[in-house]
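Asker: Read off the chains here:
Number of protein chains: 2
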Amino acid sequence: MNGFHFEVLGRDGAARTGLVHTAHGSIRTPAFMPVGTAATVKAMLPQSVRETGADVLLGNTYHLMLRPGAERIARLGGLHKFMDWPGPILTDSGGFQVMSLSDLRKITEEGVRFRSHIDGHEEFLSPERAMEIQRLLGSDIQMVFDECPSLPATHGTIEKSVALSMRWAGRSRAAFVRQTELEREGRACFGIVQGGTFADLRLRSAEALQEIGFEGYAIGGLAVGEPQSAMFETLEATVPHLPPEKPRYLMGVGKPDDIVGAVMRGIDMFDCVLPTRSGRNGQAFTFEGALNLKNARFADDEAPLDPACPCPACRQFSRAYLHHVVKSGEIIAAMLLSWHNLTHYQRLVESLRQAIAGARLDAWIATYRDEFPNAETQISG
Amino acid sequence: MNGFHFEVLGRDGAARTGLVHTAHGSIRTPAFMPVGTAATVKAMLPQSVRETGADVLLGNTYHLMLRPGAERIARLGGLHKFMDWPGPILTDSGGFQVMSLSDLRKITEEGVRFRSHIDGHEEFLSPERAMEIQRLLGSDIQMVFDECPSLPATHGTIEKSVALSMRWAGRSRAAFVRQTELEREGRACFGIVQGGTFADLRLRSAEALQEIGFEGYAIGGLAVGEPQSAMFETLEATVPHLPPEKPRYLMGVGKPDDIVGAVMRGIDMFDCVLPTRSGRNGQAFTFEGALNLKNARFADDEAPLDPACPCPACRQFSRAYLHHVVKSGEIIAAMLLSWHNLTHYQRLVESLRQAIAGARLDAWIATYRDEFPNAETQISG
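Just so you know, the protein sequences line up as chains A and B, in that order. Quick note on this note's numbering: the first sequence kicks off at 532 and runs consecutively. Quick note on this note's numbering: the second sequence kicks off at 532 and runs consecutively.
So that you can see chain A by itself, here it is in the shape it has in the complex (with noise of 0.2 Å):
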């Protein structure tokens, strides 16, 4: 079957674990996607982020229609020949970039005209064109465009941006299907709940799509600053009214707690820049918490960084060593930790998904916490 669809293995409370198909192979769910915002998962090679476990890519319209363009990755191969990765990729829309990277920037009815951060040339995005480019790129899951107002808002101007972003799910859909009458099997678009943190208005969210029809729903606007136990009210406010048999992404989510505390209420996809981003800083995520490795304690610490772990800074170097490089401002420094902060995330989403497979989850949580009380990646539940 070359189709796109989501094959449920397992299920655990609201939690699940399967395989989302699509036409650049299957995604092992839960899932974490690393970011490959310009066309490389920064300070790493795309093999060794394979190796990290990960199935899945994102890429990101916005950064890509700017530099280098799509009708150029198209003409080139598309995006999975351009950046060397034969595997999913799911790219977003550039709403959410738009709206939060651009300064200069026109909503309209018929789309978004906003200024390059790059050299301040006008660009303009619409459903239709954001559609354009992820088939451009050659996307196997692509998102509907979509307003990302930011928090704290009113009720009525999240209801006002909601009525929108549905409005704009729709014609996202049907420039996709136009799209899929061509040339689109086994690829996928998601729509995207919005509602801010909102019950009744991430309901109605929720129903808009599902009149439309996706092949998946993204749940949005979230963890952009509100507290974590507003994250996880709204995702139990939300799950619940998405289709049990379709795969839920919560788009830009997380810290590990926010993976766990997610998956355990129904997600099954997850992006975020966090562990190259923090392996940039000099931090590393461990099953005992975060470390960071500027810190002086490390300066003679003979012991690896994480003895369990398979990456090459854990299996190859010491913590005094990556202290000394992070302190130096070395690349290698970069490299080894968003090698090793993107394993970590692959060994949580991997033991995750044993976990649901094995029906033990409540028992994993359990251990995790009386191992780790003091982590910082403790679990909220």
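Just so you know, the hints here were simulated from the structure itself, not pulled from any lab data. Any given hint could be a false lead.
Because identical chains cannot be distinguished in the list, a pair is counted as satisfied if it fits within a single copy or across any two copies.
[Claimed, not checked] Cross-link-like lysine-lysine pairs, in silico, DSS-like; alpha carbons within 30 Å at most:
id, residue 1, residue 2
1, Lys858, Lys637
2, Lys573, Lys858
3, Lys612, Lys825
4, Lys637, Lys691
5, Lys612, Lys858
6, Lys612, Lys573
7, Lys573, Lys825
8, Lys825, Lys786
Given chain A, put chain B in place with the hints provided.
Answerer: Chain B in isolation, oriented as in the chain A frame:
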């Protein structure tokens, strides 16, 4: 046989090919040594450096004594273990860096007092301390501590400097001999011929060093801004006065054509930051000349950097991709172009080794000139 020794396997004119045997393995000559200044070859993992074909790395006494400190590296098991490089390591003595990097320095007969460029604290290097640091690092090939006057300089200035360097060479050797009585099986200490571009001073320096006696002889104080022709003339005035059974190392050299010209004049070993530094600046060495990947003409170029090169940059990516990541300032650009340039340098010395072994160096050079007449890497033979 565990002892350090040099085995000449073939000769072609003044050029030789052979093996330098050390406690950590053998070095094929002519050899290019990547520079691992601060216990890392910048933007490369050690296994990747090995994959380029490198047998030996250079480590910098000056940088390592300041951070993380020689005693610390010794406590952590030595530089090989610290940076996970199981092969041979050659260390410089810190002399060149102290002279060129340190603003506040005072040279006396005893040694050099200077301030750290990192935090300004006062440090002292002498022949004895330089050899002690190299012992603490666990170096396979230690270099004598010498003075490196900046060029141009008068005959009188260089003459005084050479005299001081030769007294320091004697003290360096004495310190090394005291070490070897304890624990230095298979380790070597090289003398450094100084004398600027003055043939009489180079001769005097070469003779003074041989009276002391070393396992190998380096030529220092070149590639500091003088024309290539002056460097080659100095080699021609120096190499014939060095013992043919010992390896010869031209320090800090150079561009590909510098290396070819020096091999023709009897040099066996080289080190230079050029391949890695150029890589971080978006420049790629090829047998058709150096390419600046920032150039817009590569934006749509589907071709690999060099179709004959086995490195990941050439095997996996297009020039268009490399242009994109260079322009975007992505870390992967430094990683890929450093890997490529180091591979290019290793392919160059491997090709020279084979040409010398087959006694066809003249034909090799003629072919090179015919095929790539406009190469920026043109040979000035």
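Asker: Each of the hints needs a verdict: does it hold here or not?
Answerer: Quick rundown of the hints versus the structure:
{"no.": "1", "hint": "Lys858 <-> Lys637", "verdict": "between (43 Å within a copy, 28 Å between copies)"}
{"no.": "2", "hint": "Lys573 <-> Lys858", "verdict": "both (19 Å within a copy, 14 Å between copies)"}
{"no.": "3", "hint": "Lys612 <-> Lys825", "verdict": "between (37 Å within a copy, 21 Å between copies)"}
{"no.": "4", "hint": "Lys637 <-> Lys691", "verdict": "within (16 Å within a copy, 72 Å between copies)"}
{"no.": "5", "hint": "Lys612 <-> Lys858", "verdict": "between (36 Å within a copy, 19 Å between copies)"}
{"no.": "6", "hint": "Lys612 <-> Lys573", "verdict": "both (17 Å within a copy, 27 Å between copies)"}
{"no.": "7", "hint": "Lys573 <-> Lys825", "verdict": "both (20 Å within a copy, 19 Å between copies)"}
{"no.": "8", "hint": "Lys825 <-> Lys786", "verdict": "within (20 Å within a copy, 36 Å between copies)"}
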